[in-house]
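For the record, the sequence lines run as chains A and B.
Using the working numbering, the letters of the first sequence correspond one by one to residues 14 to 123.
Using the working numbering, the letters of the second sequence correspond one by one to residues 2 to 876.
These aren't lab readings, by the way, just hints derived from the structure by calculation.
Some clues are possibly wrong.
Some chain A residues near chain B, calculated using beta-carbon distances under 7 Å [claimed, not checked]:
#, residue
1, R64
2, K69
3, R83
4, R105
5, N109
6, N113
Capping the alpha-carbon separation at 20 Å, the derived lysine to aspartate or glutamate pairs in EDC-like fashion look like this [claimed, not checked]:
#, chain 1, residue 1, chain 2, residue 2
7, A, K86, B, E8
8, B, K4, A, E47
9, B, K42, A, E82
10, A, K48, B, E8
11, A, K86, B, E628
12, A, K75, B, E29
13, B, K42, A, E47
14, A, K79, B, E8
15, B, K24, A, D106
16, B, K12, A, E82
17, A, K79, B, D18
18, A, K86, B, E618
19, B, K42, A, E21
Just so it is clear, the structure is predicted and the values come from calculations on it, not from any experiment.
Beta carbons are placed, not taken as given, at the ideal position from N, Cα and C, and that holds for glycine.
Listed below, chain by chain, are the residues.
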Amino acid sequence: MKKYPLGEFEEVVLLTVGVLYNDAYGVRIKDELEKRLERRISVGALQSALRRMESKGYLESKFGEKTNERGGKRKRYFFITSYGKKALESSRDVRNNLWNDIPNIALDLD
Amino acid sequence: MIKRAAERFFKWYCHPDYYEDIKGDLNELYQRQLKQGLTSKAERTFAIEVLMLFRPSIIRPFHWWDINNSLEMIQNYLKIGLRNLRKHPFYSMIHILGLALGLAAFLFIHHYRIFEKSYDDFHYQPNQLVRLTTDDVVNGKIQTRDAMSFAPSGKALQDELPEVIGYTTTVKTFRMIFKKEEQPVEETEIIAVDSSFLNLFRYEILEGDKKTMLLEPNTIVLTESMAKKYFGDAKPVGQTIEVLGAFNRPFRVTGLMADIPKNTHYSFNALVSLKTFQQRIENDGWNGYNYYTYLLLNEQTSLSELQSKMPALSRKLMGEDNRLEFNLQPVRDIHLYSDFTFEPQIHGSAKAVSFLGIISLFILLIAWVNYINLSTARAMERAKEVGLRKIVGAQKRQLISQFLTEAVIINFLGAALALSIVYFLLPYFHSLIGKTIIPNLWTHTDFLKNLGLFFLIGTLITGIYPAILLSSFRPIGVLKGNFGRSKNGTLLRKSLVIIQFTASLVLIAATTIVYQQIRFMTNKDLGINTDQVIGFQNPASNRDELFVSQYQSFTEELQKLSGVKSVAGISNLPGGGSSDISSSSGGIKIIGKTDRVETTVYINSMTDQMKDALQLELTHGRNFDREIAGDSNAIIVNESLLSMLNIQDPSTVVNEFIQFGRDPDNDRFQIVGILKDYNRSTLKSKIEPTVFFHREVPRNTLVKLNSENMTSSIASVQSTWNKFFPDSPFAYSFLDQRFEKLYMEDRRFGLIFFNFSLLAIFVASIGLFGLSSYLAIQRTKEVGVRKVLGASVNNIVLLFFRDFLWLILIAILIGIPLIYLGMNDWLNTYAYRINFPWGVLILAIIAIIFIAFVTVSYQTWKLARLNPAKTVRYE
Numbered sequence: 014m015k016k017y018p019l020g021e022f023e024e025v026v027l028l029t030v031g032v033l034y035n036d037a038y039g040v041r042i043k044d045e046l047e048k049r050l051e052r053r054i055s056v057g058a059l060q061s062a063l064r065r066m067e068s069k070g071y072l073e074s075k076f077g078e079k080t081n082e083r084g085g086k087r088k089r090y091f092f093i094t095s096y097g098k099k100a101l102e103s104s105r106d107v108r109n110n111l112w113n114d115i116p117n118i119a120l121d122l123d
Numbered sequence: 002m003i004k005r006a007a008e009r010f011f012k013w014y015c016h017p018d019y020y021e022d023i024k025g026d027l028n029e030l031y032q033r034q035l036k037q038g039l040t041s042k043a044e045r046t047f048a049i050e051v052l053m054l055f056r057p058s059i060i061r062p063f064h065w066w067d068i069n070n071s072l073e074m075i076q077n078y079l080k081i082g083l084r085n086l087r088k089h090p091f092y093s094m095i096h097i098l099g100l101a102l103g104l105a106a107f108l109f110i111h112h113y114r115i116f117e118k119s120y121d122d123f124h125y126q127p128n129q130l131v132r133l134t135t136d137d138v139v140n141g142k143i144q145t146r147d148a149m150s151f152a153p154s155g156k157a158l159q160d161e162l163p164e165v166i167g168y169t170t171t172v173k174t175f176r177m178i179f180k181k182e183e184q185p186v187e188e189t190e191i192i193a194v195d196s197s198f199l200n201l202f203r204y205e206i207l208e209g210d211k212k213t214m215l216l217e218p219n220t221i222v223l224t225e226s227m228a229k230k231y232f233g234d235a236k237p238v239g240q241t242i243e244v245l246g247a248f249n250r251p252f253r254v255t256g257l258m259a260d261i262p263k264n265t266h267y268s269f270n271a272l273v274s275l276k277t278f279q280q281r282i283e284n285d286g287w288n289g290y291n292y293y294t295y296l297l298l299n300e301q302t303s304l305s306e307l308q309s310k311m312p313a314l315s316r317k318l319m320g321e322d323n324r325l326e327f328n329l330q331p332v333r334d335i336h337l338y339s340d341f342t343f344e345p346q347i348h349g350s351a352k353a354v355s356f357l358g359i360i361s362l363f364i365l366l367i368a369w370v371n372y373i374n375l376s377t378a379r380a381m382e383r384a385k386e387v388g389l390r391k392i393v394g395a396q397k398r399q400l401i402s403q404f405l406t407e408a409v410i411i412n413f414l415g416a417a418l419a420l421s422i423v424y425f426l427l428p429y430f431h432s433l434i435g436k437t438i439i440p441n442l443w444t445h446t447d448f449l450k451n452l453g454l455f456f457l458i459g460t461l462i463t464g465i466y467p468a469i470l471l472s473s474f475r476p477i478g479v480l481k482g483n484f485g486r487s488k489n490g491t492l493l494r495k496s497l498v499i500i501q502f503t504a505s506l507v508l509i510a511a512t513t514i515v516y517q518q519i520r521f522m523t524n525k526d527l528g529i530n531t532d533q534v535i536g537f538q539n540p541a542s543n544r545d546e547l548f549v550s551q552y553q554s555f556t557e558e559l560q561k562l563s564g565v566k567s568v569a570g571i572s573n574l575p576g577g578g579s580s581d582i583s584s585s586s587g588g589i590k591i592i593g594k595t596d597r598v599e600t601t602v603y604i605n606s607m608t609d610q611m612k613d614a615l616q617l618e619l620t621h622g623r624n625f626d627r628e629i630a631g632d633s634n635a636i637i638v639n640e641s642l643l644s645m646l647n648i649q650d651p652s653t654v655v656n657e658f659i660q661f662g663r664d665p666d667n668d669r670f671q672i673v674g675i676l677k678d679y680n681r682s683t684l685k686s687k688i689e690p691t692v693f694f695h696r697e698v699p700r701n702t703l704v705k706l707n708s709e710n711m712t713s714s715i716a717s718v719q720s721t722w723n724k725f726f727p728d729s730p731f732a733y734s735f736l737d738q739r740f741e742k743l744y745m746e747d748r749r750f751g752l753i754f755f756n757f758s759l760l761a762i763f764v765a766s767i768g769l770f771g772l773s774s775y776l777a778i779q780r781t782k783e784v785g786v787r788k789v790l791g792a793s794v795n796n797i798v799l800l801f802f803r804d805f806l807w808l809i810l811i812a813i814l815i816g817i818p819l820i821y822l823g824m825n826d827w828l829n830t831y832a833y834r835i836n837f838p839w840g841v842l843i844l845a846i847i848a849i850i851f852i853a854f855v856t857v858s859y860q861t862w863k864l865a866r867l868n869p870a871k872t873v874r875y876e
């Protein structure tokens, strides 16, 4: 069993939430992701990743302010929990180990 | 608009905890695009995002108690619906039976039509596949259209036209005799094809190499059932089959293929390599068009454009002064639309198929109309129920749901009954149409899907109008009892009844006319006497002297048999199909009498005994005589030929000479007799202008038997045959049966038509019966009052019937032109047709009035006979 189940897209979202610290709500995360990944992301894909990670415990959320352009609906801000931080670290470690173990010659392709 | 629907949808499925902020996000994104001035795009994006949000982690959890309330209502609807069904078993039965019959008949025919239209749609590029056919054109007018073409034409067209990317040349062998366990067996479904045939036509190859197996002469590819017939369970590939007759050599089996689908215009059970016929192909060259050629066209080719190049190309390839023209015919159209001569097999008729389609639609519509009619007529009964329901708080929407539920129940029972009807009648239906279109009902998903689909459509069509009508009653008015009859409802009902009457009238008349035409054809005097005459094909041989003397002693021996009246030979037996005769298109003239006429002339040949065997009549001149040596040069012509050559007085051409073709050195043949016309083939086509040659050993033998002891006579004919020709199978047929067979398709069509018309009329009658008896019961009190005041039973029945009589009269006025136009058109497809039978029309009208009278008046009559004391007290 995987210790910290974290999908690839979930990981990127989680990192983005961290990047946007204190300003991480739906539309803002979507904009940031689209800028960095250079592709379109649907609200559905993003929201389902967020909710899944919230129920896994990597994220917590709280309501923010209402604005006019939101039709009087509040924003929901997301924060990384310490459990979420561990999941990110574990995933980074796996990657680092992999990078370290690649023999130099294998990447000497130029 | 889109946004509102999307918002609604989103609110409905979104988890309530997530709703607020996601909705906010969506709004924010929407507003952003709106600010950029992209109004419609913003709406679209909004809707797409909503659709993309519909996923398990976002939607609200599903709890059964959420729908519990509506579930209970549905349960209640079901209960009420079933109660209503049981309360009126008679009307329920009419509804269900009508819907079931309608649905069953419709689906039967629907799938029959699908099958008929599916011919040759399974090949590699079915829409690019065309058949090259040959038209005989005189002065820009097409004389005959022949399905065959010249052997070299396929290659020539591919070389000339970049649009043609492939071709195959084939020939139907019509008859080959195989040896099976020392017995000769005749095979008629064998075609010879070149090696590209299997690249154009998609058939499943089980063994052998598609590219090479038909390259060499004397090779054969068997279908599975043929392989089973000749080799049992042994492996056929690599073995040999003895072919007797003219071939008299072994054929090597080089391949095995699955049995071919039934829906092809060119069916076979074995393929022989075309190289086997190399000699014949070279002899034929550009002289005889006896081949079926198929072309594969480039994907972008427009057929009409390509066709327009044909006249010029025909002259280029076949000479400036020839009259034949290439024609291209889509392969998928051949089965239903081709009416060319020399088709490889009997084909279907698009007209018959669409006729049946119309009937089946009629039946279904009539069944639906029955339901709508009866339900709206019974609205009054339900009106009080509706009023009361509304008062205790039912909403219109709920009432509509309730009545729709009833429609669902009845339609569902109808569909279930339809399924069992189809299940039990499937074998009968298959024998009726002569084809198996649904081998297994339960695995035929298309059929089951269609049943489901038309169950749904039927439910909507039959359910919605009555549901809306019934649920719109105003409670106060209804409960007071003065809801009055809805004018609209009555008008609708009346027009629906008119449609039913019209349909029934048209069907009765049309069926009778079809029958009359078929009877006319089978009973018409053909000009020959075919009673007790059997015909059979002579052994295939190269007609050497040995065979001729053998054949002559065979006929002499036959003549001696006690049961045999006379023996004769003819090359084309009476009662053959349109392609069962040779023809010449090289032009013909009577020397010194006429100019050369460019036309198609048919060629037959016979022995001198033919006149006696068939009781032919010569109007002028004499019969052939084998004693006269010069008669190998003598010919007999029929009257049709003379009238085609514009000869007014036939006696003037006796002993004159006929010459074929344009070369003045061609052989001349002396006309010794003029034969009274007789029908060689079906009455759909005119009698062919024919020249008869005198031959001692034509292809077929005719034997006229005594009318007594026919079975034993035939047996002795057979044993004589076996004595002389042990290597050939003896397959005889009675001539009158051959003629009957020609009309098999028409007879079949008539029978199908008759069955389904009967069904349509039956469904219409039960509907009418239900409707009229309901209306009669409504007027029970009136009947009582009228009786008390002195009306007789007859008075009352006629009075009530008068309401319907008007509708019948309108139906007759609509029906007559429909019948006349439709059936006259159909009759025109026959060369020998009956006059339009007005008597039938009158009979049909009487029949429809009679049926209507019986169905409409039965209930009135029953009521009117009751003691008025009972009827007046009704309610």
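Check your understanding: Which numbered hints does this structure break?
Key -> As far as the earlier hints go, 2, 4, 5, 6, 8, 10, 11, 15, 18 and 19 are violated by this structure, in ascending order.
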